[in-house]
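Use the sequences and the hints to build the structure in full.
So the sequences go chain by chain: U and H.
Under full-length UniProt numbering, the first residue of the first sequence carries the number 1, and numbering increases by one thereafter.
Under full-length UniProt numbering, the first residue of the second sequence carries the number 1, and numbering increases by one thereafter.
Any given hint could turn out to be false.
[What the hints assert, rightly or not] Below are the DSS-like pairs computed for lysine-lysine, each with C-alpha atoms no more than 27 angstroms apart in a straight line:
| no. | chain 1 | residue 1 | chain 2 | residue 2 |
| --- | --- | --- | --- | --- |
| 1 | U | Lys-33 | U | Lys-151 |
| 2 | H | Lys-70 | U | Lys-177 |
| 3 | U | Lys-33 | U | Lys-177 |
| 4 | H | Lys-8 | H | Lys-96 |
| 5 | U | Lys-252 | U | Lys-177 |
| 6 | H | Lys-96 | H | Lys-182 |
| 7 | U | Lys-252 | H | Lys-107 |
| 8 | U | Lys-221 | H | Lys-230 |
| 9 | H | Lys-8 | U | Lys-61 |
| 10 | U | Lys-61 | U | Lys-177 |
| 11 | H | Lys-107 | H | Lys-189 |
| 12 | H | Lys-230 | U | Lys-119 |
| 13 | H | Lys-70 | H | Lys-230 |
| 14 | H | Lys-8 | U | Lys-151 |
[What the hints assert, rightly or not] If you only want the chain U side, here are some residues facing chain H, beta carbon under 8 angstroms, derived:
| no. | residue |
| --- | --- |
| 15 | Met-200 |
| 16 | Leu-204 |
| 17 | Gln-205 |
| 18 | Pro-208 |
These are calculated hints, taken from the structure and not from any lab test.
Here a beta-carbon is modelled for each residue, glycine too, at the ideal position from N, C-alpha and C.
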Amino acid sequence: MSFQDINVLQPERARFVGIENWINGIQDPLFWKALFNILYNQSIFIALTFVISLGMALLLKEITAGAGIFRTIYFLPVITSIAVAMIIFEFLASPNGPVQRIMMSVGLLDGPVFWTFSKWLPMPLLAIFNSWKWFAVQMMIFLGGLLTINKELYEAARVDGASWWTQFFRITLPLLKPQILFVMTMNVINGMQMFTEVFMIFDLQGGPYHAGLTPVLYLYKTGFDDMSMGYAATLGLLLAVVILILTTIQWKLINRHGES
Amino acid sequence: MFNIRWSKIAIYSVLILGSVIVMYPFFIMVMNSFKPGTEIMHYPLSLPQNWTISGYVKVFTTLNMGVLFKNSLIISVSVTILNVILNAMVAYALAKLHFPGRDIIFKVVLGSMMIPAILLLIPTYTMLYNWGWVNTYRVMIIPVAVSAYNIFLIRQFLIQIPNDYLEAARMDGCNEIQVFYKIVLPMIKPVLATVGILTFMHSWNDLFMALLYLRDESMYTLQLGLYQFKEVIPGRFLEQLWAATTLVTVPVVIVFFFLQRYFIEAFTGVGLK
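Below, the structure is given as structure tokens:
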């Protein structure tokens, strides 16, 4: 399909265009803008959730009473639909909403911020909110990993006089490598395909400055709004190539880290 | 001793603070659904001063909640039942039966998990459109009736079951289908519950597929109805919007509380392989 100019409604008029779609795709500034946006978003999201979920997992490991209650509570955002979550988020973060009011009343903010009209704010705010929504999944995976680590290793380290941080970097992190690798791979595969979040808040253009445009949003617009399916299929393939490259780099990086 | 107690207190404080942050948006959601519209606009921080359920009452007339609920239920329940039965059957074949090409088939199933869904979006859509499936229930059900991830999850569970049980049953004269229904299915209930809730949640919360494939308002699911409602009249009917979001969220929360033990275990197990 990526070598054709196709409109689903008139399949008889499809014509073969060779690699034209691919050339257009590679030269399309909006596609790269969308790709940049999602990378911007994901780098913040991945770093933030990693710290939060690993931190929370470490704390949950230490307690026994009430751990189940905390896990259940932390899972509530995960089971909420993205559509509902985005309605809540838009209200919370709106210039008139609770979060900005609180921040203004304690002097963190001078005036209301219309972040949906801003060039740089939408992606970080979405990343922060998505950390709220998804951290529990990663936390549970890390917790599962932490509980399998042999306690004697820590005993031995403590006898040798290793500090908490040394134990963390020398024992916990290396032994958590399978979980970290799994989480990071899933992050890239899922995160690069973000759609509903931005679709709920911004229109198909991704809002002013295309600050909320993501590759899947752009692909949806090309295929189902502009009705050029062939080009949309090409964009999908391009995105898949990017995801593949990123995942490979990640595996290489984390694997090398573990061995050194 | 003193030290340990203080560190416990610190840990619990952080965990409780985390819970408050996690719960706060839900608290706001439920509180807003009981406020009159103007109060939501002007006093976002306060508790409802004039409690009202008019949002809940009106939302059933403006948003056609009955139809949306019906559609969402038909789709989610069918998808869940099909996934549990079909994936269990596939996983059983892949884990416990011997036939030529089995390992290759399993590798293909695993490999398909790694392919980004986005790659298949346009070809799948074109195909289903040409079959005339757009705007039917089956377009929301049949393409997602089998999932590689679920097959993998169930298979991991099945291979832990000793073959002796199955052999004993076969000795007693059970055929393969009886072995599957009488012996295997009861033994893998926990993982089936997990698959069930994951699938139900995913299907119930899905907006993307509904957006692609459903055209008539009479076919809309809850999520799609909610999206349309939010888009068409921004800033109006606020109390109804919040009542609707609460109503959409409640069913998954209920399912979650009944099955959460399995559900959380599922997430713990996935990374371990």
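Broken hints, numbered, in rising order? Of the numbered hints given earlier, those the structure breaks are 1, 2, 3, 4, 16, 17, 18, listed in rising order.
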